[in-house]
Amino acid sequence: MKSFKKYWSIFRITLINSLAYPGELIGRSLLIIPFMWIFYQLWKITFEAAGTVSINGMTLYSTMWYLMMAETIELSRPALARTISENVKDGSIAYILNKPYSFLLYQFSNSMGETIFRALTNALFGSVVVWWLVGPPPAPLGWLFALITIFGTWVLNYCITCLIGLSAFLVEDVSPYMWIYQKLVFILGGFLIPLSFYPPWLQTIAKALPFAAMVYGPSQLFVTPSLELFVNVLLMQFIWIVILGSTLVFSYNRGVTYLTVNGG
Amino acid sequence: MPSIEVNHLQKTFQTKRKAAGLRGSVRALFKPEYNSIEAVRRLSFQMEAGELLGFIGPNGAGKSTTIKMLTGILHPSGGDAKVLGFVPWKERQKLAYHIGTVFGQRPQLWYHLPAIDTFLLFGKIYEMDDRETKKRIAFLAEAFEMQDLLETPVRKLSLGQRMRCEVAASLLHRPKLLLLDEPSIGLDVVAKQHIRDAIRRMAQEENVGVLLTSHDAGDLEALCRRVIIINHGQIVYEDIVSNLKRKFLTQKMVEVRYAEEVSKDFSINGVEILKIGHYGVKLRFDTTKTPVDAVMSHLSEAGELVDITVSDPPLEDVIAKIYEQARETELSS
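These protein sequence lines map, in sequence, to chains A and B.
Everything in the first sequence is counted per my numbering, starting at 1 for the first residue and increasing by one.
Everything in the second sequence is counted per my numbering, starting at 1001 for the first residue and increasing by one.
Keep in mind that the hints were calculated from the coordinates and are not lab data.
Take these hints with a grain of salt, some might be off.
Stated by the list, open to error - Taking lysine-lysine and the DSS-like style, the derived pairs with C-alpha atoms no more than 27 Å apart in a straight line are: (1) B:K1134 - B:K1094; (2) B:K1264 - B:K1289; (3) B:K1031 - A:K89; (4) B:K1134 - A:K5; (5) A:K2 - B:K1135; (6) B:K1282 - A:K89; (7) A:K89 - B:K1016; (8) A:K2 - B:K1176.
Unchecked claim - Pair by pair, the computed Cβ-Cβ distance ranges are: (9) A:T257 - B:E1048: 48 to 54 Å; (10) A:K183 - B:S1158: 44 to 50 Å; (11) B:L1159 - A:F197: 23 to 29 Å; (12) A:G255 - B:G1280: 55 to 61 Å; (13) B:F1030 - A:P199: 41 to 47 Å; (14) A:A20 - B:E1048: 40 to 46 Å; (15) A:I26 - B:S1077: 47 to 53 Å.
Glycine included, every Cβ here is placed at the ideal spot set by N, Cα and C.
Build the full structure now, drawing on both the sequences and the hints.
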């Protein structure tokens, strides 16, 4: 119990910290407005050119709300890999390691605190624009399913970015790996194009990977909530969290013995 | 039971070596070569509970690396150590409940938030109950004179104020041992004095052991009873501070300025004249050989004094001297 409180307070202080500059928080989130407007123009023309109201079961309305959720997930991701690799490189990791808590859980609580308000403001601005463009949001069940599975998304994102960040133990610059990860999420996660638009074989591959469980899962559940998909997404998230989580713990325990703290 | 026991502790760092230019870069790509740097070499020492021990040496001597191993952040390449009965790198989290650390060059307070937020967070992290945390904060606020600072965002504090908060934060959970790595770096004289007073008070009242690294001889004189001087990762000298002072801090440097011009053949018996200017003289003497008041009366008889500065030789010189002696005894034996 006490140890849960510990991580809760770390989460809380990051949350407070993210409110230290409300202007910056809101400024960042405004970015979602032009994004949604551009997506709308793009998909409106696509649907018109195809001469149909629905492609693989997705209408312009559901595509737009899908993309709103996908954007919110992507834009509120914390810069964890960069933070950790900087911690490793400039030696400030020493300060994180000199307290009685687990480094990995500390970073998790930290990144959660950074994410929550960003996600809220992004969803708020995104919803306003999309509502104005295509009409009111989907049923409450969609919100509920999305909300639950987004938590899994955050855990998965944490595992992957933390692994990338920790690779700073071995490589000098982690940004190329971040770049690759981001593009994988874009393409195989269903961030730029909903996975439903892909040919069936590519959908099968994409859905077996963690990226789809991160973006496609919650976004699709948001617009077409179904119990079957919900269970499926949760299961995929669970499997990948176990795989990536244990890789992370293993790598951390190995990496920390090689740690050289720079400076001082 | 000693609070720190270190036996033959070693740390070797591997750094990539790369020849200059493009060719060197390409070669390093296919056949990387490594330099090993021995930051700490077979270091052994003990520290008793409640002791105030100074750890000094020039930059790169291995002080910080040693502290980082003693807090469990770095794994050593060899040897062993026990801190309060724990092997630091194996029981880092357990040990962390009983020690406080300050790294002078790296802030641990949340930069954009008032210090009180970090204090409350640390209270939770060290699993203290809220009432106790608040009582402790009030006590430390008084001891470190920071009542008015706690609610200001840390970024708006001066360096001296911030360091006071940093050291206080490391004492929140009543540690038995405080490891201070360069706590006074970059501070002015007044701020240094403030920090030293507060640390000394805490050490006395709560019997906290203090291991302090510094390259400021003033920190040692003010705080420590015993001193270990290390250079190149090895102990070159170990003694109580009063002995060190008696043996090595015997030289004084004096700079004086006169109202009228100084004659070119200015001299005092037993005093080494370093420089004679138009109006000023710089000199050095050994207080064990030439009494201070003899020098002072000579100086004031020589003309109307306008300004005078007395200083200790820099610690680097002292260490160099100790190092020389160590080598001489090695050669003669």
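Structure-based check of each hint:
1. B:K1134 - B:K1094: Holds. K1134 of chain B to K1094 of chain B sits at ~23 Å (cutoff 27 Å).
2. B:K1264 - B:K1289: Distance ~25 Å between K1264 of chain B and K1289 of chain B Cα, so the pair holds.
3. B:K1031 - A:K89: With Cα atoms ~23 Å apart, K1031 of chain B and K89 of chain A stay inside 27 Å; holds.
4. B:K1134 - A:K5: Holds, at roughly 17 Å.
5. A:K2 - B:K1135: 19 Å, holds
6. B:K1282 - A:K89: With a Cα-Cα distance of about 45 Å, the restraint between K1282 of chain B and K89 of chain A is violated, given a limit of 27 Å.
7. A:K89 - B:K1016: Given that 27 Å is the threshold and the Cα spacing comes to 15 Å, the pair holds.
8. A:K2 - B:K1176: Answer holds: K2 of chain A to K1176 of chain B is near 22 Å, not above 27 Å.
9. A:T257 - B:E1048: 48 to 54 Å: 30 Å, violated
10. A:K183 - B:S1158: 44 to 50 Å: Given a distance of about 46 Å, which is inside 44 to 50 Å, the answer is holds.
11. B:L1159 - A:F197: 23 to 29 Å: 57 Å, violated
12. A:G255 - B:G1280: 55 to 61 Å: Taking Cβ atoms as reference, G255 of chain A and G1280 of chain B lie about 58 Å apart, which means the hint holds.
13. B:F1030 - A:P199: 41 to 47 Å: Hint holds: Cβ distance 42 Å, inside 41 to 47 Å.
14. A:A20 - B:E1048: 40 to 46 Å: Once the Cβ atoms are compared, 44 Å apart, the range 40 to 46 Å for E1048 of chain B and A20 of chain A holds.
15. A:I26 - B:S1077: 47 to 53 Å: 50 Å, holds
In this structure, the earlier hints numbered 6, 9 and 11 are contradicted, and the remaining ones agree with it.
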